[in-house]
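A.B. asks: Heads up: the sequence lines are chains A and C, in that order.
Sequential numbering of the first sequence, starting at 824, is according to the working numbering.
Sequential numbering of the second sequence, starting at 148, is according to the working numbering.
Derived from the structure by calculation, the hints contain no laboratory data.
These figures come from a predicted structure and were not determined experimentally.
C-beta: ideal position from N, C-alpha, C; glycine also.
Check before you lean on any hint, since a few could be wrong.
Below, simulated BS3-like cross-link-like pairs (lysine-lysine); rule was C-alpha separation at most 25 angstroms, straight line [said to hold, decoys possible]:
hint, chain 1, residue 1, chain 2, residue 2
1, C, Lys718, A, Lys943
2, A, Lys890, C, Lys591
3, C, Lys401, A, Lys943
4, C, Lys389, C, Lys614
5, C, Lys614, A, Lys943
6, A, Lys890, C, Lys630
7, A, Lys943, C, Lys544
8, C, Lys389, C, Lys401
9, C, Lys629, A, Lys943
10, C, Lys505, A, Lys919
11, C, Lys629, A, Lys890
12, A, Lys890, C, Lys612
13, C, Lys501, A, Lys919
14, A, Lys919, C, Lys614
If you want a taste of the chain A side facing chain C, the calculated C-beta under 10 angstroms gives, among others [claimed, not checked]:
hint, residue
15, Glu894
16, Met902
17, Glu969
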Amino acid sequence: MSFRMPTRGETYASSKLARQTDAPKYIVTDFDIYYAGAVLGLCARQRIPVENYDAEINRELTRTYPKDRLEIADTIAGMLVEAELTRQSIDPGNAKLILATIEEYLSSASQTRLTTAGHKLLDRYAAAGFRLLEERFGDDGFRYEEEFFVAYLGLLDEICSSTNTADS
Amino acid sequence: MDIKVKAWKAEGLRGAMQDFQIDLSDPLRPIALIQMPTGTGKTTTMTLLRKAFSGDPFSKDEVEELRAEFGPEEGLFELELMLDQTSCKIKISFDFVNLTSRYNTVLTPGGNRQGHELPRPYDRLLDKNLARLFVFDGELAAELRDRHLTSADEAIDSLYRLSVLSGLKADADTVLETQRKQNKHITGQQSNTVQRRKDALIEAEDRLQELAEERRVTSLSETTLAEELKTLQATINDLAEKNSKVDDAYEIAKGDVATAAARLDAAHAQVSSYFRRPQALHAAIGARLAHCYDQIDAAKLPGPSSKVWFDWLAEQQDCVCGRPLTDQKHRDAILENKDQYLGDEQHGLVNQIKGALKQGAVATAMANETIETLDDATSEHQHAKQQLRAAQDRRIKAAGGNIDTLRSQEKQIEKDLNDAQKTLATLDASEGRSWKDSIPLCQKEVDSRKEALNEASDTFKTYQKVKFLQAILDEVAARTVKKVRTTIQDRTNEKLAGVIHAERLTIDRIDRALQLGGTSRVRGEVSVGQSLAVAYAFLTSLFEHASYRLPFIVDSPAGPIDVETRKSVSKLLPQMFPQLIMFVQSGEREGFVEAFYERNDVQYLTCWREPNGIRTVRGREAFEAFHSDDDAQPEDDAI
Numbered sequence: 824m825s826f827r828m829p830t831r832g833e834t835y836a837s838s839k840l841a842r843q844t845d846a847p848k849y850i851v852t853d854f855d856i857y858y859a860g861a862v863l864g865l866c867a868r869q870r871i872p873v874e875n876y877d878a879e880i881n882r883e884l885t886r887t888y889p890k891d892r893l894e895i896a897d898t899i900a901g902m903l904v905e906a907e908l909t910r911q912s913i914d915p916g917n918a919k920l921i922l923a924t925i926e927e928y929l930s931s932a933s934q935t936r937l938t939t940a941g942h943k944l945l946d947r948y949a950a951a952g953f954r955l956l957e958e959r960f961g962d963d964g965f966r967y968e969e970e971f972f973v974a975y976l977g978l979l980d981e982i983c984s985s986t987n988t989a990d991s
Numbered sequence: 148m149d150i151k152v153k154a155w156k157a158e159g160l161r162g163a164m165q166d167f168q169i170d171l172s173d174p175l176r177p178i179a180l181i182q183m184p185t186g187t188g189k190t191t192t193m194t195l196l197r198k199a200f201s202g203d204p205f206s207k208d209e210v211e212e213l214r215a216e217f218g219p220e221e222g223l224f225e226l227e228l229m230l231d232q233t234s235c236k237i238k239i240s241f242d243f244v245n246l247t248s249r250y251n252t253v254l255t256p257g258g259n260r261q262g263h264e265l266p267r268p269y270d271r272l273l274d275k276n277l278a279r280l281f282v283f284d285g286e287l288a289a290e291l292r293d294r295h296l297t298s299a300d301e302a303i304d305s306l307y308r309l310s311v312l313s314g315l316k317a318d319a320d321t322v323l324e325t326q327r328k329q330n331k332h333i334t335g336q337q338s339n340t341v342q343r344r345k346d347a348l349i350e351a352e353d354r355l356q357e358l359a360e361e362r363r364v365t366s367l368s369e370t371t372l373a374e375e376l377k378t379l380q381a382t383i384n385d386l387a388e389k390n391s392k393v394d395d396a397y398e399i400a401k402g403d404v405a406t407a408a409a410r411l412d413a414a415h416a417q418v419s420s421y422f423r424r425p426q427a428l429h430a431a432i433g434a435r436l437a438h439c440y441d442q443i444d445a446a447k448l449p450g451p452s453s454k455v456w457f458d459w460l461a462e463q464q465d466c467v468c469g470r471p472l473t474d475q476k477h478r479d480a481i482l483e484n485k486d487q488y489l490g491d492e493q494h495g496l497v498n499q500i501k502g503a504l505k506q507g508a509v510a511t512a513m514a515n516e517t518i519e520t521l522d523d524a525t526s527e528h529q530h531a532k533q534q535l536r537a538a539q540d541r542r543i544k545a546a547g548g549n550i551d552t553l554r555s556q557e558k559q560i561e562k563d564l565n566d567a568q569k570t571l572a573t574l575d576a577s578e579g580r581s582w583k584d585s586i587p588l589c590q591k592e593v594d595s596r597k598e599a600l601n602e603a604s605d606t607f608k609t610y611q612k613v614k615f616l617q618a619i620l621d622e623v624a625a626r627t628v629k630k631v632r633t634t635i636q637d638r639t640n641e642k643l644a645g646v647i648h649a650e651r652l653t654i655d656r657i658d659r660a661l662q663l664g665g666t667s668r669v670r671g672e673v674s675v676g677q678s679l680a681v682a683y684a685f686l687t688s689l690f691e692h693a694s695y696r697l698p699f700i701v702d703s704p705a706g707p708i709d710v711e712t713r714k715s716v717s718k719l720l721p722q723m724f725p726q727l728i729m730f731v732q733s734g735e736r737e738g739f740v741e742a743f744y745e746r747n748d749v750q751y752l753t754c755w756r757e758p759n760g761i762r763t764v765r766g767r768e769a770f771e772a773f774h775s776d777d778d779a780q781p782e783d784d785a786i
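Bound conformation, chain A alone (with noise of 0.2 angstroms):
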């Protein structure tokens, strides 16, 4: 069980990500990036198809939550279960159906709050997420941090706003 860095997020680890190494910082781990996409993958509720897991996911990130990122666990678990019922469209009322997925993605036993398949899906998500980063953006990088946040919260708004409560 562990968090896996997508390819495409890679890239934005190594080179295009804030290249103006003198300008200050706040995404400063490799963790930060998997994280920015993997929220943009759960916000538009979009994931890779799961035969593209090895082709676009690289290596193993990390096992668990920076230990001063662990307090996101939990709402990173609700977003989680909040997309697949949406994607799903799951009936509000098929107990079934909810406690299911719940239970296929979510471990109370975990210090991130995921099963094995919970982490994989998450995974997909953070690929998407760079997908759609990719798509908007391009190759070129961001010379400045503050340039990326623009980008992305710009990104960001978009999607949340196209797709309601309740839309897939």
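Please arrange chain C on chain A, whose structure you already have, making use of the hints.
C.D. replies: Just chain C now, kept in the frame of chain A:
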């Protein structure tokens, strides 16, 4: 594992090293301060100590360097150590006629051995890279921060022996290759297939090597170009500043840039604090979480009770309502219907996720204005920079400077830098690229061809075992490196906070080199003193967690450091090393050497040059009396 230096001596070498010896064993104390003026062979001594520890061979040029003009045909350097309870002498004999050298090792107990033959495990530990760390090479301080080099990684690798893992990987490959060669039952046709697949593998491996080399070269070029750009921009700034003519527009533009940068920093910091909390990124996220909560709630999950309770009830004499459960069909009904309810674990899990959804739903999201503020601040900063650039150009032109040439150079470097960055991105990408142009795809191609070759050569099972072992070793190496880097980075930053008080200096990342950080937008180069302090904080953190206790030998430890930082360094170093040997000069007394006067575990030696070699005097009085390199010799008993 504990290593201590007892003594060293030199005979028949050039200059002051004609006859020189230092004995620290009478009695051996944790700290030795050795005062040696310039020209008494400190640099040579440090080099010889490094060689003696590591057993690194001497080139002819290096031997020639040590030969004294009109001196003897032979020379000697001898280092005496304690390796835990074993006494060890490492002798290096020089033949100045043939320009050769040879090592000899005398162990007590253990006897005389030809060569640099330290007992296990010291022989594996003491190598050239490690010797540079603890017989501290001043150049290392700058190299640790040089992104062209990999000194920081090498230092970690040396001390924590991470190369053992790559050695094991190579050993596993050797086993496989040996088995492949031994498979003599392969038929002629099979043999052709094996050869074909071998060629295909070599082709892919060669290509991978080329791509990796291209990446390495481009990455270096990127770093160089970024530095060139920075230097050129600093030159332009200096030229503009040097023009002393009053220019209100220039001063205003400078002020505007500073104001815009401060505003941008504040907006940037604010957005980043939201960025780290997903529900704060957009109001829709909270609404979705709330909707999901309602959806689970509408499904009446997790339900009023759990099924374990019904198991328990079915075994009771009486129902909770008080009626006796005498009829078996009532018990069966309870058990049959229990599946409508969740188990304890499921119940807890659903409650947990509902709690998370509820909490996420009520969190405050970042207001649109926050992003707009960042966007505005970014544009304002860009605009202010453009205005300043125009004002700079006017100023330099007015002073007769050729700003057009400088700007054209700047443009060219920016273009080259951009190209280098694009090349790196291309090499790292895989989507829509062929394996011949993409490092990740080429690596996959190599793996797949390896697999094909091993299938053909009937070593598939061994190959899979080797691959499995190597994957484990890779994982162990990756995790170890990550953990060690993080621990060392944290400890170094803690120490830096205690050592450098004037400004905040941190290590953001250890990746090849130490990458310094902080949050200042205009971050200048660190001073030589700061660089040394960073190196000490890093090295002491490295040694702190290592399982070996090594001495630390350093030349001019406080030379370029300011007085305040010296005091902190004088406290830091003795805490971290069981033996500290420092060559100092009288200029290092203030703030540094004088801090050791309060201690009672220090021995003081003062050396100066005489016609036939170096004279050494022991004692604090002589040490204090020796004010400068040209001062009179101290009056004390020579040893």
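A.B. asks: Report the numbers of all earlier hints that the structure fails to satisfy, in ascending order.
C.D. replies: 1, 2, 3, 4, 7, 12, 14
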